Every structure is written in structure tokens, then in C-alpha cells.
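> Those protein sequences? They're chains A and B, same order as listed. Under our numbering, the first residue of the first sequence is numbered 1, with each subsequent residue one higher. Under our numbering, the first residue of the second sequence is numbered 1, with each subsequent residue one higher.
Worth flagging that the hints you see were computed from the coordinates, not collected in a lab. Here the structure is a predicted model, which means the values were calculated and not measured. One or more hints might be untrue.
[What the hints assert, rightly or not] Taking lysine to aspartate or glutamate pairs in the EDC-like style, the calculated list, with each CA pair at most 16 Å apart, reads:
no. : chain 1 : residue 1 : chain 2 : residue 2
1   : A       : K148      : A       : D112
2   : A       : K20       : A       : D144
3   : A       : K119      : B       : E32
4   : A       : K201      : A       : D144
5   : B       : K61       : A       : D112
6   : A       : K113      : B       : E32
7   : A       : K20       : A       : E146
8   : A       : K244      : A       : D184
9   : A       : K119      : A       : E146
10  : A       : K200      : A       : E140
11  : A       : K202      : A       : D225
12  : B       : K61       : A       : D225
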Amino acid sequence: MLPDKRPDRVRGMGAERPIKTRGRMRALRAALPATIPVLTGYLCLGMAYGVLMATKGYGPLWSTLMSAIAFGGSMQFVAITLLTTAFHPLQAFLLSVMVNARHMFYGLSLLDKYRGLGKVRAYLIYVLSDETFSIVSTVEPPADVERKDFYFFISLLDYCYWVGATALGGLLGSVITFDTTGMDFALTALFVVLFLEQWKKKENRPSGVIGLICTAASLALFGADNLVIPAMILITAVLLGGRKKLCT
Amino acid sequence: MYLTPAQTLLMILAIAAGTQLTRWLPFLLFPESRRPPAVVTYLGWALPPAVMGLLVVYCLKNVSLLAAPHGIPEAAAVAATVILHRWRGNVLLSIAGGTAIYMLLVQLVFV
Numbered sequence: 001m002l003p004d005k006r007p008d009r010v011r012g013m014g015a016e017r018p019i020k021t022r023g024r025m026r027a028l029r030a031a032l033p034a035t036i037p038v039l040t041g042y043l044c045l046g047m048a049y050g051v052l053m054a055t056k057g058y059g060p061l062w063s064t065l066m067s068a069i070a071f072g073g074s075m076q077f078v079a080i081t082l083l084t085t086a087f088h089p090l091q092a093f094l095l096s097v098m099v100n101a102r103h104m105f106y107g108l109s110l111l112d113k114y115r116g117l118g119k120v121r122a123y124l125i126y127v128l129s130d131e132t133f134s135i136v137s138t139v140e141p142p143a144d145v146e147r148k149d150f151y152f153f154i155s156l157l158d159y160c161y162w163v164g165a166t167a168l169g170g171l172l173g174s175v176i177t178f179d180t181t182g183m184d185f186a187l188t189a190l191f192v193v194l195f196l197e198q199w200k201k202k203e204n205r206p207s208g209v210i211g212l213i214c215t216a217a218s219l220a221l222f223g224a225d226n227l228v229i230p231a232m233i234l235i236t237a238v239l240l241g242g243r244k245k246l247c248t
Numbered sequence: 001m002y003l004t005p006a007q008t009l010l011m012i013l014a015i016a017a018g019t020q021l022t023r024w025l026p027f028l029l030f031p032e033s034r035r036p037p038a039v040v041t042y043l044g045w046a047l048p049p050a051v052m053g054l055l056v057v058y059c060l061k062n063v064s065l066l067a068a069p070h071g072i073p074e075a076a077a078v079a080a081t082v083i084l085h086r087w088r089g090n091v092l093l094s095i096a097g098g099t100a101i102y103m104l105l106v107q108l109v110f111v
């Protein structure tokens, strides 16, 4: 370590702020690369969403508002149909609970990591998405970065990407000529890579295999549109049934 | 627009409320002040790898093995991602490589 040339910044009353800010910058720098795949995927899907909403008569203001408030990728696509039929808010609410039921798994897994984080915790929970959960539960922050700040920037960046991409799609979706077909595969690849990262730990492997097999089975049994909730039930049942074996 | 602006806004709020309920439920059921039951702690520990498996399959759910191109682009791109990741262990490189190969395949080869 180099001697600090500005000792007044380390000692005394004004010390806390610059150090804290520097810590935050470190956290942002650590979080940014982890979210780049999300940026790629969201840019593609978020813009597609903005464009799609525009074709249904909902301009960038509406699509961005939906992304900023509801912030739930797959449900927003489902909701396009709801916005173009009769007015049924209760049906929309219930459908939203079902489509997003998988979030309950994320909360359960993050009870411990999100413990004691203070005010930031409510925001982390508000914007908890598939991608944010996957990164937060798999990637460890560097030793010199506060966990709280790391989780915050992952969550904030992912949120901004989605809302920003929606606005972009709504504003200039029709003028884009670059063929982005297949770019949303970045999110599939992200989950594949994070699966492999989990796989590195031997004790994670049975659970990973259970996840793959149970979801594939429920895809075969219930079809692509209804697979998530049966898969969740199946995974929970198998994990609970194998608890004694998995815990050793 | 098929709904009035006020109705649209209410729909957005209803959808947001449903989503938020799923995000908050575990944290409301097991607040910070109390230790969650052992079975919940166990699920919290065991779920993440299973969820990654779920999300991978979920992303590929609309791939048809029977109709052309029989899931070949997806299989090839996932394989490329895995091989790249095993070889270099660089998250961004693996994802960029897999995505590039997928885009190439669906835009140029299997059109």
C-alpha cells in the first residue's frame, strides 16, 4: 500500500465519506462485468417489448412505465394480451402471481444473504429478478467490497438495463436495422454458465441434476406454457425427500 | 390502446402487486428478527443449483426436437458455452461465444 498523501481524508471528521464513496465505486466496478450478459439479453428482450407494446398502441411512456413499476420480464409479455382485452385487474393480479411464482424460490434462498442489509434490502427485494438472483446467489463479491453494495449495484444495473431497453425499444425500435435475432440467447448462456459455476462445488451437483430433471419432466408432462409451478412443486418435493442424503 | 389511461394504470399496478407479492412473500413469512425453521434454511441452501437447472430448461422450453431445425442451434450453442467455460473459465467469454455462435446459426445457417 502506498502512503496516503492526504491524511486529512483518512483521519478526522470528514474521513467517512470519501472512503465510503470509494468503497461504492469498487462495488460498482465489481458488479458491472457480472451484469454485462444481462445487459445484452435485456437490451434484446426489453427493446422487443417496447416495440411490441408500440404496435399495440402503447407508446414508450406506457411501456417504460410498465417496466419501471411492474419490472417482471415474462409477465410483461403476457400482460400485453391482458391490456388489449377487457379490463380485469383481479385476473391480471392472479396471473401475475402464478407467472412469477418462481420468485418465491429466490426469496427463500436469499433469506440469509439479504439479512441485516438495512434500508437497501427493500429495494433489493422489489427488483429481484431471475438474472439478479442467479448472479447474487452464484457470484461472491471481492474481499474488499461490501456485500450490501455489491448486491445493490447488481440489482440497480439490471433494473436500469430493463427499463432503459424498454424505453429505447419504444422510441426507436422500428428504425433499427441490425439483425438481433438470437441475441436473447445471452440469457440462456448466462444461466448455463451460472449452472456450471454452481456445479464446481460437489455438494451442489445433486440439486442441479434434480433441477434439470424435474423441469424437463414437467415440460414433457405439462407443456411449455404451464411448466414452472409443477416444476417448482416437483423440485421442492424431491429436495425435501432427499434431505437426509443431500445434507451429508 | 384498448383501455382508458386510468384502466391501463390500474392494470400496471395490479400486475406489479402480483409480482411484488411473489418477491416479498418469503421475506414476510420469515422475517429477519426470527430464525427460519431448519427445513427452510435447508431449502434456501439446496435450491440455487436446482433453480439454475430450472432456468436453463425454461429458456429452452420452446425448442422443438421434432420440427426443423430439431434444436440443433440451441444444442450447439449450449455445447459451445459449456466447452468455452470449461476451457477458459471466463464468464463473459463463454456467454459471448455461445451467443455469437447461436446468432450465426439462426441467422445464416438454419434460416
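> Next step is simple, just say for each hint if it's right about the structure.
Going down the list of hints, with the structure as the test:
The straight-line distance between the Cα atoms of K148/A and D112/A is roughly 12 Å, inside the 16 Å bound, and the hint therefore holds. Restraint check for K20/A and D144/A: the C-alpha separation of about 12 Å stays at or below 16 Å, so the hint holds. Of the supplied pair hints, the one linking K119/A and E32/B holds, its CA atoms being roughly 13 Å apart against a limit of 16 Å. Distance restraint check for K201/A and D144/A: the Cα-Cα separation of roughly 23 Å exceeds the 16 Å cut-off, and the hinted pair is therefore not satisfied.
A C-alpha spacing of about 31 Å is found between K61/B and D112/A, which places the hinted pair above 16 Å, so the restraint is violated. For the hint linking K113/A to E32/B, the alpha-carbon distance of about 11 Å falls within 16 Å, and the restraint holds. As the CA atoms of K20/A and E146/A are separated by approximately 10 Å, the hinted pair is consistent with the 16 Å bound. Taking the CA atoms of K244/A and D184/A, the gap is near 39 Å; set against the 16 Å cutoff, the hint is violated.
Only pairs whose Cα atoms come within 16 Å are accepted, and K119/A paired with E146/A is accepted, the gap being roughly 15 Å. Taken as a hint, the K200/A and E140/A pair is honoured in the structure, with Cα atoms around 14 Å apart against an allowance of 16 Å. For a cut-off of 16 Å, the pair hint linking K202/A to D225/A is broken: about 33 Å separates their Cα positions. Restraint check for K61/B and D225/A: the C-alpha separation of about 9 Å stays at or below 16 Å, so the hint holds.
Going through the hint list in order, the structure does not satisfy hints 4, 5, 8 and 11.
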